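Build the full structure now, drawing on both the sequences and the hints.
Number of protein chains: 2
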Amino acid sequence: MHSSRMDTPNPFAPRGGKAEIEEGRAFAPKFDADGLIPALAMDATTREPLMLAYMNAESLRRTLEIGEAVYWSRSRKEYWHKGATSGHIQRIVEIRTDCDQDALVLLVEQIGAGACHTGRGSCFYRRVVPQTAAESAKLEFADTELTFDPEKVYGKPPVG
Amino acid sequence: MHSSRMDTPNPFAPRGGKAEIEEGRAFAPKFDADGLIPALAMDATTREPLMLAYMNAESLRRTLEIGEAVYWSRSRKEYWHKGATSGHIQRIVEIRTDCDQDALVLLVEQIGAGACHTGRGSCFYRRVVPQTAAESAKLEFADTELTFDPEKVYGKPPVG
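Protein chains in written order, with our numbering: chain A, 460 to 619; chain B, 460 to 619.
I should point out that these hints are in silico values taken from the structure, not numbers from a laboratory. Quick caveat: nothing in here was measured; it's all calculated off a predicted structure. Beta carbons: idealized from backbone N, C-alpha and C, even for Gly. Treat the hints with caution; some may be incorrect.
Output of the computed footprint for chain B on chain A, the stretches with three or more beta carbons under 8 Å from beta carbons of chain B [to be verified]: (1) 471 to 481; (2) 484 to 493; (3) 508 to 522.
And the structure:
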């Protein structure tokens, strides 16, 4: 059994038929083969996308229970109560799910200086410049400003 | 070899060290074990989240080339030029990637009546109501309005 789904059974509704999943009121999130569902956190006020992370059933249940984002860290293989280290908690304003219930959008109030462990407000601080005949695709900074010093906030290594 | 990465080699930069990935200008997207990266499409003007889908390296390359969203359909195992059937094309305004380059946000101009095959403007038309001591978590419609008739646009079965 995969470590991300060991803790507790899935507390959500069983997956029904297509009509029920798409048009129903039962919350039956679909977790992937690793027991995870992607969750994109957006600032509820500015609508800035902040980060994309993953939840397992138990971290989603905890998120709903405490009203703060709790992810599953795939690299550390542990629960990740965002802000537990940095103070940069994400208060849940609303959680949306999509038609087939295999993705989440978290509308959050981002507490503190920012969501990104690099010291920026958002993890999405670079835009992709398309390839041309002469050059491959590259990145351009949309936001270079650090809103906090990651070493002061996280020490090392950065852990959310 | 997985079907989603059969077509062409990855045309993007090789993955470098952490500093290069996080602070560099080389675009080195990280594809998962299935060769996919999640992409959240948002309306560039209203900032409404529209849908979350996946791209493989070739669909990302095509997206950058033509300036319209081309996903990889995990269920149909084929390229999915969004709007090819429905006319509901997503014109790319900007693509952002995150600190570790394993997720994308597409800021798009959604052409036509909507992004969702159910007939709605956005796939994220329901919010999650947290569980209580007495009841499990359930869904509530944030948006019930159909902006188009999916049968007229897609026929059957709906294919994006």
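Hint check, failures only: Those not satisfied: there are none.
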